[in-house]
Amino acid sequence: MCGYTKRLNDFIANHQNAFNEPILQKFHSYRENVVLLENYLENPNDESKEQLDKCFKEFFKKSRLMKYITSLIHIFAVDFDKKRKHHYQKNQLIVDQPMTNEETENNGTLLDTLVFDSFDYLEEVLPTNIEDHISSQKMWEIISGLPNKQKEILSLFYVLNFSNKEIASLFQETPQNISKQHLSALKTIYKKYVIQEEDHNNER
Amino acid sequence: MSDNIKRDDKTLEEEDVNRVLETVKPKIKKSLNNTTPQDRDDLEQELALKIIEKKETMDFSDVPGFWEFINLKSNA
Chain R
1 MCGYTKRLND
11 FIANHQNAFN
21 EPILQKFHSY
31 RENVVLLENY
41 LENPNDESKE
51 QLDKCFKEFF
61 KKSRLMKYIT
71 SLIHIFAVDF
81 DKKRKHHYQK
91 NQLIVDQPMT
101 NEETENNGTL
111 LDTLVFDSFD
121 YLEEVLPTNI
131 EDHISSQKMW
141 EIISGLPNKQ
151 KEILSLFYVL
161 NFSNKEIASL
171 FQETPQNISK
181 QHLSALKTIY
191 KKYVIQEEDH
201 NNER
Chain Z
1001 MSDNIKRDDK
1011 TLEEEDVNRV
1021 LETVKPKIKK
1031 SLNNTTPQDR
1041 DDLEQELALK
1051 IIEKKETMDF
1061 SDVPGFWEFI
1071 NLKSNA
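Top to bottom, those sequences are chains R and Z. Quick note, the first sequence lines up with residues 1 to 204 if you use the working numbering. Quick note, the second sequence lines up with residues 1001 to 1076 if you use the working numbering.
For the record, the hints were derived by calculation from the structure and aren't laboratory data. Computed from a predicted model, the values in this text were never measured in an experiment. Here a beta-carbon is modelled for each residue, glycine too, at the ideal position from N, C-alpha and C. No incorrect hints appear here.
Beta-carbon label-pair distances, calculated as ranges:
no.	chain 1	residue 1	chain 2	residue 2	range
1	R	K26	Z	R1040	28 to 36 Å
2	R	M66	Z	N1033	18 to 26 Å
3	R	S29	Z	E1053	27 to 35 Å
4	Z	D1042	R	N14	50 to 58 Å
5	R	W140	Z	R1040	44 to 52 Å
6	R	Y30	Z	E1053	24 to 32 Å
If we strip away everything but chain R, and leave its shape as in the complex, we get (with noise of 0.2 Å):
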């Protein structure tokens, strides 16, 4: 406590109680607030008693706001988060629910109204010919020219992401042999393609 006046030491002394609160205490650690009191020991009016009141009753607001919102922030994101799971614990995204509604007498799933059995969106949007997908005139040509079969491994593997394995269950062939066919399918369509662009090169 150096530095400090003998009033202000004889203050503090006097008062004990008072400075041993936590409060006070973190109140008195700081510089501007010792110099308030010191200044009123010095010289004691209503100015500086005041000043000294004032100060100190912002301080204990604001200490006392702060303490109260962090542990309002803590409580309520606990109770925020335990809502939240009980929300979708009673709320889950099940899509074969069974219907009991009254109107839909049918004792069916979700999942029955969702889907139409008797219209095929996927060949709607997205025709799983691969000749379908070709912009290009030359190239559709020298794909239309290849063996059906060809076409239909190009067609499975590009257009729907099949993988050989898929494609030789479905043809009851070994997937090397899928490998193969596919692999000579792009070659013919590398050379007609090279032949092409250098035939028309040479016409120029």
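Knowing the structure of chain R, use the given hints to seat chain Z on it.
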């Protein structure tokens, strides 16, 4: 004239709220870990709303002044 004073009060209060929100921002950010990533933005907003609401309704009438506090504690 009184209109002006009112408006000043309001901006002062807004500044106050903003300062409080800015001060507790790290605490808010930390508390976001309490919930799932998709709910974090929601929680952040709810917290801000809650703080503003609570700050307005908090009662400070029984906050003691310096001398009041000293006397209270010295006599205890």
